Each structure stands twice: as structure tokens, then as C-alpha cells.
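Trainee: Protein chains in written order, with my numbering: chain A, 2 to 309; chain B, 2 to 264.
Treat the hints as calculated values from the structure; they're not laboratory data. Please read all numbers here as calculations on a predicted model, not as lab measurements. Take the hints with a grain of salt, since some may be wrong.
[Unchecked claim] These stretches of chain A come out as covered by chain B in the derived footprint (C-beta under 8 Å, 3 or more residues):
(1) 102–108
(2) 284–295
[Claimed, not checked] A few chain A residues facing chain B, derived, Cβ under 10 Å:
(3) Phe16
(4) Glu93
(5) Glu120
(6) Leu122
(7) Thr147
[Stated by the list, open to error] Just a sample of chain A residues kept apart from chain B, beta carbon distances all over 12 Å, derived:
(8) Asn41
(9) Pro57
(10) Lys243
(11) Val247
Just so you know, even glycine gets a beta-carbon here, dropped at the ideal spot from N, CA and C.
Each chain is listed here by its residues.
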Amino acid sequence: MSESLVQARGLTKKFGDFTAVDAVDFDIQPGEAFGFLGPNGAGKTSTMKMITTVSPITEGKMTVFGLDPASQGREIRSRLGVVPQEDNLDLELTVAENLYIYGRYHDMKKPEIMPRIDELLEFAQLTERRESRVEPLSGGMKRRLTIARALINDPDLIILDEPTTGLDPQARHLLWDRLYRLKREGATLVITTHYMDEAEQLCDRLVVMDQGKIVAEGSPRDLITRYATKEVVELRFGEEVKDQAVLQMAGLAERSEVLADRVLLYTEDSEQTQDGLNQKGIHPEQVLVRRSTLEDVFLRLTGRGLID
Amino acid sequence: MTALSRSFRYAESEVMAYRRTWRGTVITSFVNPVLFLAALGFGLGQFIDGGSEANLSVPFVTFVASGLMAANAMQNGAGDGSFPVMAGLIWRKNFHGTITTPLGPADIIWGRLIWGVGRLGFTLIVFAVIAVVFDALEIGPALLAIPPAILTGIAFTSVITAWTLTQDDGRSLSTMFRFAIVPLFLFSGTFFPISELPEWLEPVAYLTPLFHGVELVRKIALPDADATIVTSLPMWVHFGYLLVMATAGIYLSVKLLDGRVRE
Ligand SMILES: Nc1ncnc2c1ncn2[C@@H]1O[C@H](COP(=O)(O)OP(=O)(O)O)[C@@H](O)[C@H]1O
Ligand SMILES: [Mg+2]
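Here chain A stands alone, though its shape is the one from the complex (with noise of 0.2 Å):
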């Protein structure tokens, strides 16, 4: 085995008597996308600024880059791109000003960063946009212009919390672009995300942490072999008949969650499974077959849905 950039063993973070992250083990290899997903208050952001050395760990063991965050987080922190899930851009400073300052806490020169400084712009396809202040920026440029300030040590490992939360389908897709990027330049990502289409689009692995805990581990394919089916038949009903229809489901399929507005069939055949609804005689106000996502293994695992 490759030496792991990140190693935990029995990770525990507690604030007071509430255990945030409940001895959690993980290894993040270099070259990979690691994701953590989850629901809000996993314990998932916890995790991170464990890793980024800026909050001590409770209980266990870990090492970044083999050294220790008690010990060596300045050390550590130097070869770190952190992206926080709030943005904390410097709104006094302008677009290029931000990268230049933590250029400069990077222990890095002028005619070092400034070079840099286009190259990132040029990335984060704000080129445009260099002496604007940060404030009226929109909240996709701004998550943009955090990723670059990230990269701007050439770090080894990229950290990044929630790195699409609030934006809105376009800038997301954007964001994911550059992401995609980053990965095929053989970048090593750490990313949290609570939406599971994320998590399969950008993670080649990931673990799903659940109250503080984790609770599956491996690719996205992986989890859905394991944890669902191939196919899922989704169906609505009436309030009336649903109960009834459930009970006469039996045997359909592999498996069956009732949620409060939807029945799902979990399938490895959805013609056959159609074949035998209709065969029974039930008929749903709307079918929908779809493949299984995370969604569904996160459902499996917790009996929750990711989103409240």
C-alpha cells in the first residue's frame, strides 16, 4: 500500500458531552478524490478542520502528510489548499489581492506569486474580474475565487467543504468543470457534500458518514452494488390505496422502502417487477424507474434521506 496522505484511526472530535465524530477510520491515497457524504451535522466539517490541523482532536490518531496536527500543523497547513465551507475571502481586498495576501502568508516572494496569480485567475475564469473588489462578486465567482486562493501554494492535498452548497445549477456545474480539472491534473481532493450526485460525479472514493459516524466505505459503483440494486421503480398513489398496495407488493422486488410520499422498489429487473404489479393488479398514479444512486444506499444504510 502507498503511504496514505491522510491516516485516521478511532478519529473523535467532542465538543462538551456531544461526540461530533465518533471514531472514525479513513486513508486518503495521493492522486485520489476522497469524499465524505452526508446529511447536515454528520460531523463531516468536523472532520475537516481536524484535518487543516485547526481544531484539536479529541480522542484517536491521525496523520497528514505522516505528521502530526498537534505538533506539526504549521507544517502541515503549508501544504494544504483549504476551501472552507463559508467563504471567508477578504471583502476589504480586491480579487487579486486575495490570492497575493495568502500567497504571502505561504511564505511565498512577489515575483513568485504573481505569475501564479494569472495562472489561478486564468483557472478560476476570473481574468476579467482581477482588480474588482470581492464583494459584489456572485456567489459562484466567489466560491471560484476561494478555490484559487486555495491552490495558490501548489498544495498536495485540496481540501474542500461543501464546495457547491447554495449555488445554483449553472455555477455549480462550473465549479464541478474546474474540479474535473484539478483531478485530471492528478490533484488529491478531499471533498464533503450532502448532495449525492456530487459525491458520484467527482469521488473515486468516499466514505457516507452518519451522526458522527461512518457507516459505508468505497467507490460510488461499490456502494450502489452493495448497498442497492440496479434499478429502482418509483411509485406514487393515492393515500387511500397505498397501505393496501403495500401489503400485495410482497415478492416484487429485492427490497422496498415506503417513504411518506413514495413506495420504492429496489430491482435488479424493472420490466419484471412492472410485469408483476400489473399482474397483481396495482396501479400506481405514477411510475418512475431509475437507476440507484447514492441517494438510495444513504436511505439503505440510515432509513433517512441525505436532504431534510
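Could you slot chain B with the ligands onto chain A? The hints should help.
Mentor: Frame of chain A; chain B with the ligands shown alone:
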């Protein structure tokens, strides 16, 4: 990077931001002190010095100008330790970003202090020049007044930074100015010797920090200051008071900032 160079790196960011925000500080830093000097020093001074009961050993305007060096340092120091700190912590949150780089909380506190001293030094030089030009101070006293005034400023910045780091919103900061800084400004001997205070209030003044700043400035800058102008306390008391205040403030600021940003 050494701790010192890290602090200077942080100070750089403040200088950069200041290039854009300095206009907002002109009134409090440069205009207000001169207005006070004009109105109270010259205006009221003429009234007092001209009267038969003039009882200060220096012209009243000199008395006020020397006091204002310290009071001005307090105002600037308090300003620097309050709103910008709240901004970095809560409003702009840039402290939270900074600590994800090799810089840490101590670098932020020291960097702010370095920047604050630089800015305060400049502010005080400007005020001193104005005081000399208008004959309120001679050149020697004007220059001598700067170092003790800077110490006063550091003492205030650091203690108020520490206090701000225990607060959660800007309202408490305005309250602090209204109920701490303004009374100190008026009753710490800047505009009249504290011996003029009601007897029961005099010991209270002895306990307040600006009093020690004002006394230290006058004792250093006005060598002929006699009992009509300053108290008989030795200089080291004032110096010690301000030094302890500054040291405690810096120490607490680092601890408190660490607690606020590294949860
Ligand atoms: N500073 C803190 N003090 C107390 N509780 C906290 C603190 N930070 C986070 N928590 C709690 O820890 C849990 C995990 O939070 P977080 O790591 O932010 O989750 P996520 O990023 O997955 O949404 C939440 O219940 C949150 O309220
Ligand atoms: Mg979070």
C-alpha cells in the same frame, strides 16, 4: 518562517486593506484631536490663562496638547482593538481563513499590534506636528511625548482586543466606547488636573489606565511640570501599570483568539 516574519505577513494584509479604508479613519484619527485641541486648548485656554487665577505652570494649551497625545493614543488603540477584531472574527471571518495557512492566532495578534503601532505612530506624529505648528508644544516635548503615548495605545489595543474576543456582536462595542472610553477621555486628567476632581473620585482616577498614560506623557515630555500639572507618583508606577496592562492584554488576546477560531 520565524514568528516575527509571520506577524509581519499578517500586518501586510492590514496595510493592503488600509489603502482602501483609510478615508474612514481620517476623522477620528486626525480631525477630532485637532478640534479638541482648538476648542479646549486654545478656546478655553485663553479664557483660563487670561484670568487672574491661572494656576498651571505651563500654558493651558500645552497642558491639553500633552494630555491629548495619550488620549488620542487611547482612542486609536481602542478603535483598533474593537471593530476590526470583531470583523475578523465574526463579520468578515478572515481570521478563520488565515489560520488555515501557516499563520496562527498568535501571528494575527502580533501582526495586528505591529500594524497598530505603525499606524498610531503616524497618527501621533501628525498630531505632534500640528501641536508644534500651532505653538501648543515645543518640538522637543512633542517628540518625547510620542513613545509614552504609543505605550498607552498598545495597552489599550491589547486589552480591548482581548475583551472584544469575548463578545459576539458590535452593539457591546459601542456600549464600551460610550461607557468606558468617553468617560476616561473626559476624566483622566487630559483637560484638567485630576486634583480638581471631587475628593472621593480622585482615587478612582488613579486606578484608570488613561490617567497613567497622561501622567507618563507629561512627566517625560514636560520636564518643568510641577505639582500644578502632575501628581507626585513616580514614573515607574505609570510605566509599570501600562506595561502590565499591555502584556496581560496580549497574552489574553492570543489565548482567547485561539479559543475562538480553533474550536
Ligand atoms: N463548535 C461547536 N460546538 C458545538 N457543537 C458543534 C460545534 N461545531 C459543530 N458542532 C456540532 O457537531 C455536529 C457536526 O457538525 P459538522 O461537523 O458541522 O457537520 P456537517 O459538516 O456534516 O454538517 C453538529 O451537530 C453540530 O451542531
Ligand atoms: Mg459542514
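Trainee: Just pull the numbers of the violated hints for me, sorted ascending.
Mentor: Of the numbered hints, 2, 5, 6, 9 do not hold.
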